[in-house]
Each structure stands twice: as structure tokens, then as C-alpha cells.
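There are 2 protein chains.
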Amino acid sequence: VKFEFIECSEPVKIEGVRLAAANAGIRGRLRDDVVLVELVPGAQTAAVFTQNKFCAAPVIVARENIASKQPKFLVFNSGNANAGTGRQGIANAQKVIHGLADIQGCSSGEIMPFSTGVIGERLNYKKIIAVFPELIQSLAADRWEGAAQAIMTTDLVAKYFSLEIKVGDESYRVSGIAKGSGMIHPNMATMLAFIATDANIHQKHVQLILAECVNRSFNRISVDGDTSTNDACVLTATGKAKSKSQLTPSHPHWSTVVEGISKVFESLAKSIVKDGEGATKFVEIIVESKSEEDSLAIATTVAQSPLVKTALFASDPNWGRILAAIGRAPVATMNIHKVSFWLNDYQIVKNGEPVETYEESQAAAIMEQEEIVVRISLDRGEAKVRLWTCDLSYDYVRINAEYRT
Amino acid sequence: VKFEFIECSEPVKIEGVRLAAANAGIRGRLRDDVVLVELVPGAQTAAVFTQNKFCAAPVIVARENIASKQPKFLVFNSGNANAGTGRQGIANAQKVIHGLADIQGCSSGEIMPFSTGVIGERLNYKKIIAVFPELIQSLAADRWEGAAQAIMTTDLVAKYFSLEIKVGDESYRVSGIAKGSGMIHPNMATMLAFIATDANIHQKHVQLILAECVNRSFNRISVDGDTSTNDACVLTATGKAKSKSQLTPSHPHWSTVVEGISKVFESLAKSIVKDGEGATKFVEIIVESKSEEDSLAIATTVAQSPLVKTALFASDPNWGRILAAIGRAPVATMNIHKVSFWLNDYQIVKNGEPVETYEESQAAAIMEQEEIVVRISLDRGEAKVRLWTCDLSYDYVRINAEYRT
Numbered sequence: 271v272k273f274e275f276i277e278c279s280e281p282v283k284i285e286g287v288r289l290a291a292a293n294a295g296i297r298g299r300l301r302d303d304v305v306l307v308e309l310v311p312g313a314q315t316a317a318v319f320t321q322n323k324f325c326a327a328p329v330i331v332a333r334e335n336i337a338s339k340q341p342k343f344l345v346f347n348s349g350n351a352n353a354g355t356g357r358q359g360i361a362n363a364q365k366v367i368h369g370l371a372d373i374q375g376c377s378s379g380e381i382m383p384f385s386t387g388v389i390g391e392r393l394n395y396k397k398i399i400a401v402f403p404e405l406i407q408s409l410a411a412d413r414w415e416g417a418a419q420a421i422m423t424t425d426l427v428a429k430y431f432s433l434e435i436k437v438g439d440e441s442y443r444v445s446g447i448a449k450g451s452g453m454i455h456p457n458m459a460t461m462l463a464f465i466a467t468d469a470n471i472h473q474k475h476v477q478l479i480l481a482e483c484v485n486r487s488f489n490r491i492s493v494d495g496d497t498s499t500n501d502a503c504v505l506t507a508t509g510k511a512k513s514k515s516q517l518t519p520s521h522p523h524w525s526t527v528v529e530g531i532s533k534v535f536e537s538l539a540k541s542i543v544k545d546g547e548g549a550t551k552f553v554e555i556i557v558e559s560k561s562e563e564d565s566l567a568i569a570t571t572v573a574q575s576p577l578v579k580t581a582l583f584a585s586d587p588n589w590g591r592i593l594a595a596i597g598r599a600p601v602a603t604m605n606i607h608k609v610s611f612w613l614n615d616y617q618i619v620k621n622g623e624p625v626e627t628y629e630e631s632q633a634a635a636i637m638e639q640e641e642i643v644v645r646i647s648l649d650r651g652e653a654k655v656r657l658w659t660c661d662l663s664y665d666y667v668r669i670n671a672e673y674r675t
Numbered sequence: 271v272k273f274e275f276i277e278c279s280e281p282v283k284i285e286g287v288r289l290a291a292a293n294a295g296i297r298g299r300l301r302d303d304v305v306l307v308e309l310v311p312g313a314q315t316a317a318v319f320t321q322n323k324f325c326a327a328p329v330i331v332a333r334e335n336i337a338s339k340q341p342k343f344l345v346f347n348s349g350n351a352n353a354g355t356g357r358q359g360i361a362n363a364q365k366v367i368h369g370l371a372d373i374q375g376c377s378s379g380e381i382m383p384f385s386t387g388v389i390g391e392r393l394n395y396k397k398i399i400a401v402f403p404e405l406i407q408s409l410a411a412d413r414w415e416g417a418a419q420a421i422m423t424t425d426l427v428a429k430y431f432s433l434e435i436k437v438g439d440e441s442y443r444v445s446g447i448a449k450g451s452g453m454i455h456p457n458m459a460t461m462l463a464f465i466a467t468d469a470n471i472h473q474k475h476v477q478l479i480l481a482e483c484v485n486r487s488f489n490r491i492s493v494d495g496d497t498s499t500n501d502a503c504v505l506t507a508t509g510k511a512k513s514k515s516q517l518t519p520s521h522p523h524w525s526t527v528v529e530g531i532s533k534v535f536e537s538l539a540k541s542i543v544k545d546g547e548g549a550t551k552f553v554e555i556i557v558e559s560k561s562e563e564d565s566l567a568i569a570t571t572v573a574q575s576p577l578v579k580t581a582l583f584a585s586d587p588n589w590g591r592i593l594a595a596i597g598r599a600p601v602a603t604m605n606i607h608k609v610s611f612w613l614n615d616y617q618i619v620k621n622g623e624p625v626e627t628y629e630e631s632q633a634a635a636i637m638e639q640e641e642i643v644v645r646i647s648l649d650r651g652e653a654k655v656r657l658w659t660c661d662l663s664y665d666y667v668r669i670n671a672e673y674r675t
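So the sequence lines, in the order shown, correspond to chains A and B.
Mapping of the first sequence onto the working numbering: residues 271 to 675, in sequence order.
Mapping of the second sequence onto the working numbering: residues 271 to 675, in sequence order.
Don't read these hints as lab results, they were simulated from the structure.
In this text the structure is predicted, and so the values were computed from the model without any measurement.
Be a bit skeptical, because a hint or two may be false.
Straight-line alpha carbon distances no greater than 30 Å define the calculated DSSO-like cross-link-like pairs of lysine-lysine that follow [stated by the list, open to error]:
| id | chain 1 | residue 1 | chain 2 | residue 2 |
| --- | --- | --- | --- | --- |
| 1 | B | Lys365 | A | Lys397 |
| 2 | B | Lys544 | A | Lys608 |
| 3 | B | Lys339 | B | Lys510 |
| 4 | B | Lys272 | B | Lys510 |
| 5 | B | Lys365 | A | Lys620 |
| 6 | A | Lys365 | B | Lys365 |
If we take Cβ atoms under 7 Å as the criterion, some of the chain B residues that face chain A in the derived model are [what the hints assert, rightly or not]:
| id | residue |
| --- | --- |
| 7 | Phe324 |
| 8 | Gly369 |
| 9 | Ala371 |
| 10 | Ile389 |
| 11 | Phe583 |
| 12 | Ala584 |
| 13 | Leu593 |
| 14 | Gly597 |
| 15 | Pro600 |
| 16 | Ala602 |
| 17 | Met604 |
| 18 | His607 |
Even glycine gets a Cβ: it sits at the ideal position worked out from N, Cα and C.
Between the sequences and the hints, there should be enough to build the whole structure, so can you do that?
In C-alpha cells:
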């Protein structure tokens, strides 16, 4: 089937999704910090959440709610994660959704709450409830950018991405927003994301697409190796596209639409790494080995190494640090005489030995670039993993030593 | 048995061990960078090495040599790790020990080489061989401090510790030196260490004591989570103490002497963390759970968290970051309602809930201190693990972004 992917510079509306943002003054800030998303009846929604055992109160509530009912509303707040807040935190998350349910006349079980911000402080739910009337009034289909701004915490840029998928005679739209900058690491990469498409897809297939897309995007990024308590990613299919026929894995448009949705996930995930706290470099780590598990273990170890990350920050081709990280990766067996690696296309190590013709000036020129690919190959492996990460700079320390104060 | 441990402010001589340091100009520096240690015939020596698969050439050679022969000499150099150097690196490490063997008329298999410094650059073995005559000339029993200085890389202070053990009518001496500041993480904590005692202990028991002591010291420290390619720790028993009777596990002095030796290991390990690159805080993490494996996994996750480490640097009682790190630790099951933790003696979380009477000012006062204990308890566990770590400061980034240049 012939197809086209059209990237849009501004977020495109998804019929069946309305959004609004407002300033509840949660941390006394002057910018919007609460987002309300309304989903059309019949929208098919799936969600995945952090695997942190100390997951936040809203994660517990949202996970429970979607397990029994499809959501009509999503409520996001920034400024306070409502995590590490015990039973009181769960009660406060419940108060938020009850407050909205009372106004809208729906069940609180049809509302999913999401929070992001400082951990360990009580959520002032009254401030959020107080802005619900204003939020409901201003719900509109074109508020994606404002919503992306309102969920930011240490993010420097708002993260949104839209794609139009033209396939055969039909077209579908996908829009997404995300937030995340620090405490970013699989699983789940520490963040909030909401992605919607107007395609008609049954919930069980939405779940399938979500799992696949997350695995190739938000589960493949690392800023600092810290997994948050509040990760959540929601995918909704409203079924409001011109084409009303339901997409299933046997539908001729299926793989194209899934690929298009995946591109939105990937773009949002990369934008999180590019906006990583203090990041000055965007690094793609590609590892090929015999098993995906090993490839991921090696990629993650290299991505998390403070010594590799500070060398990247310094544009110092101190490749011995990459070698040392590969060597300590938790894989059962590794034939070091089959390990090779490259900076971009420049080979540094071949079969465990430094390349004879290596010239530091060439490696240094690559390290100066803002986007760098580190490719690692073990023994002609077929299992390839891509992971995106950034460097570790003074500003990472500054941001995290100053955050809260 | 009555006993006394006497800590000495200056390194004490160990009969049967002579040391010397010299400047070979390996990285063009003006300070000593090569150390020669001579062990008396009959000295019983054991060694443990890094588990990094890309271990350095000297590690490969030293491990092979001690497996078949007891060493007469140890040669250390700083400035160049001779790691990531492939077959040429092994040849160069061999050239170093052959150079010494030729002069001394011993077998090169009786010499253990150790290197520390930059990874991935060729070792100029000729510079080391050139200083052997000077080193042999100046061998003396009182050169422990000079040796500790010569093996430093990014270390700011020389690390040595001595203890006299008086037990019953006998006395034993233990002296040790160590180096390490960055790339510090179990196993082995990235460093070089040489410890000697004049007690008479058979090699198989020296090995036993070494394994036990390393497990409670150098394997329980983390600066940055990076395991080096060059870790090595050597323990020698010269048998030259006044008491000539051999210590075995059934000897009445055994446990006291082992405890004394362990204290030297512990002191050296702590001094590495206190001198951790950019460190401004020394943090002891104590975890009690049902299994030592879980306790260690939690302690390591907290110690490695950049967000916990930057909060420590900022003296910010942002304890939610500790909670988040506990929650993402790789343990199979965790009942979060049984998790409690304290900063020093001040309880922050009790049974998974923030303590009602928590006052930020009290926690902040503790975070201001230079030495902090984070104690974490899971479900009245009996398996206790102690791990020492430090904070993550601007200077960690500066040191590692500048190292080499």
C-alpha cells in the first residue's frame, strides 16, 4: 500500500480529544500547572506505568481505574508528584478525581489522575479542584501545545509531535505530548506522555501498539539511570477519522499506522533526551550481540556510566571509558576478542584491539559534534538494540542540587 | 583473649617488606610514579582482581603469575593503566617484569605488575625499566608513605593505614596502602591496594582473610558506579613477627588478628570514598532486609542514584529521591508497607509512610553534616549490609571532564 508520513510543525487536532490547561498555583508558580483532557465516548485507551515499587499515589489510582473502566477524562498536574505520600497521598488523588466527577456527573473511576514534580510532599488537591470549572470551560481541540507546557517540570522545552499518515485513500492523525528531563531511565523512562490518534482501533489492539511503541521509544532512553515513581504513558484511539473501518493486525493499513504512531513515540522520546537535564550532546548507542538482553545490558551500562558521560561532555575521545563500561556490563559471557566499536563511522576497537591506524584527532572531531552514534558489535550478533542518552554536565549537578530551592 | 588495637599515625614497618618509589616520567610528571615492593622469601601472598571483562594487561599477567608462583616483587605504576591495549599491552607488561627479572636474577613469574591511570594508551615500559636500578638501590622498610604517594592518580591524598595488634603476650603489625578516587564501584572497588602483616599465616588462609576483608571493605564502596579495568588488592603475610607460631582458624589469636587486618582494609576503603572525585560528603548506607543479596541491591541502587547524590551535595533533605531509588532497586519482591528509613537517627519514613511528625528543618540540619548515615530497614530483616559512598558535585564533572587534558 502506498503511504506518506507528513510531519507537522504545529500540533494537529485529533477529533474526539479536547484539552485545557490552567494555573492552580501548585508550587506558587505563575504558569499553567494543571491539564484536563476529555476523551470522546467510545475512545479506546491503554496505559503503561512505572515499575518503581514506590510508585506514586496517582499511578496506583490510575492503574486501578483503567483496569475496570475506559477513561472519559485525564487530569495531569505538575509541581507535585504526590509520591512517597502514603495513604494520605492516595486519598488526595481520589479527592482530585472525585472533585471532577462531582462537577461532570461521571464516575470517578472514569478519570485517570497523573502527577509529576517534587516527591514526598502533600498534594494540595483543593487548588486543583478549584480550577476545574475554568478548565471545563476552556476545553478545545487545539490546546495540545498549552498542555505540553503545563506538564513541564525541569523541562526547558515543551514536547509535542504530530504526524499525518496518508495510506491508500485514507488519512489518520496522531498527536502526542510528553514531559521528562531528569530521573529518566527504563522501565518506564521517567516521564508522562499522552498520545492520541483518530484511527478506529479496539482497546486490546491499542494496548498492543502501546506496548510495542513504548518498548522502542520511552523504554530506550536514559538520562541519569533514575527511574521515577510517576511514569505513565497513555495512548488513545478515538475512532473519529474519516475512515471508520476498524484497524486490526490483518487490515492493510495496520502496519503503516502502527509505524506512524511509533514515529510519534520515538520523536517524543528523543525530545526528552535532547532536553535531558544539563544535556549538551545527544548520543545514540547501538549494540549488536547474540541476544537482545545482552545488547540492552551493554547499551544501558555504557549509557549510565558517569565516566563515559563526562567524557562526552568534555568532547574527549577517552574511548577507554567506553571499553571499561562494556567490560563491566552484566552479561554472562563475553568474548572480548570479538568486541568492536565505532564513534559514528570511525572504528576505534576491532576484535578487542585498538585499531592500528587510530588517530585521536579524528575521534576528537567526532566527539565535538552535538549528535554522536556509539556503535558496539559483539561477535556478529543479530540482536540489535538502540538506546538514546545524553552527556553529564555541570548543569546536571546544578539543576539537581538546586531543584526544590 | 585480651587484646588491644593501636592505630598509628604514621605507617609502621612490616619486617619482610621493603619498598621504593621513583619518578619514571610516565606522563611527564615530576612526581614519583613507579613503586617496587620486595617480599621476603617465604612470604605468603594472595590477590584479588577486577571482574571487568576488559581487564588490563597487568591484571592478566599478575593473575597468571600468582596462580603458579608466590611473588618476590610487586611493581606498580601510575599514569598509564595499560588497559584496552590488546596483545601489545600484554607484551609491554611482560617486558616490565622481564626487565626486573633480568636485573634481579629471578623468574619473571615471581613478579606481579600493576598499573593505574589513563586507559587505552600504550605503556612506555622502557621508562619503567630505566628506574629499576634506582628502585633496587633505595628499597627500605620505611617507604610506605612514599609508595602510597607514587600510586596516586586523581587522588588528592595519599592513603595508608597501620595497626598494631596486641593479643595475649604477642603483637602483630599490619600496614596498607591504597589508591582510588574515581571509577570506584564493587566488584572490585576500583583501586589498587597492598596490605602486609608480619603474622605467620599460610597462603590458603591469607586467601581466606583477603576474601573476607575485601568483601567488607573494598567491595562495599561506590563513588560513581564505574568498575575499573585495573582493580587489584594484594595481602601478604611475612611471618616475621616475634611470634613465629602459625595462625590458623583454630589458633586463639586468629579472630583478633583477622579483625585487626579487616580494620586496615576498612580504613583504606573509607579513605578512598572520602577522597572520591569531587566528594564533599561521606555517606554510610546501611540496609537490613531478609537477604544479603537484597540488602546489597538496595544499598547499591541508592548509592548510585545521581539524584540522591546531588541532593546530598546540595544538603537538600529531598528524601523522596531515596524512596524512589529504593523502589527501583532490582529485588524480586518488596513490601513497601514494611519499608522504613532514617537519616542518622532521625526517622523519615515508617512502614512505607512519611512520619507524621517529620520536620524538614531537622532533616536539613542532618544533611548539612559532612558524614551522614542513611539507614534503610525492610521488614525486620536480619541481613545487614553497609556500603560507603559520597555525593556527586560539580567537581566530579570537572575532574572527569578535564582528566587527560
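**Prompt:** Does Lys339(B) pair with Lys510(B) here, judged by a C-alpha cut-off of 30 Å?
**Reply:** Given pair Lys339(B), Lys510(B) holds - Cα atoms ~20 Å apart, limit 30 Å.
**Prompt:** If you take the shortest Cβ to Cβ gap from Ala602(B) to chain A, is it below 7 Å?
**Reply:** violated (11 Å)
**Asked** Given the hint that Lys365(A) pairs with Lys365(B), does the C-alpha gap stay at or below 30 Å?
**Response** Roughly 74 Å separates the two Cα atoms, so the pair is violated.
**Message:** Checking hints one by one. Is Ala371(B) an interface residue toward chain A, by the C-beta closer than 7 Å rule?
**Reply:** violated (27 Å)
**Request:** So, Phe583(B) near chain A? Judge it on the closest CB pair being under 7 Å.
**Result:** holds (5 Å)
**Request:** Please work out if Lys365(B) and Lys620(A) have their alpha carbons no farther apart than 30 Å.
**Result:** holds (24 Å)
**Item:** Interface restraint verdict for His607(B) against chain A (beta-carbon cut-off 7 Å)
**Value:** Nearest chain A Cβ about 9 Å off; hint violated.
**Request:** Could you check if Phe324(B) really has its C-beta closer than 7 Å to a C-beta on chain A?
**Result:** holds (3 Å)
**Interface hint outcome for Met604(B) [beta carbon to chain A under 7 Å]** = holds (5 Å)
**Prompt:** Quick one, is the Leu593(B) hint okay against chain A at 7 Å, beta carbons?
**Reply:** holds (4 Å)
**Prompt:** Between Lys365(B) and Lys397(A), is the straight-line Cα distance small enough, at 30 Å or below?
**Reply:** Roughly 73 Å separates the two Cα atoms, so the pair is violated.
**Message:** Does Gly597(B) hold up as a contact with chain A if the rule is Cβ-Cβ below 7 Å?
**Reply:** Holds: closest Cβ of chain A sits about 3 Å from Gly597(B), inside 7 Å.
Violated hints for the displayed structure, listed by number in ascending order: 1, 2, 6, 8, 9, 15, 16, 18.
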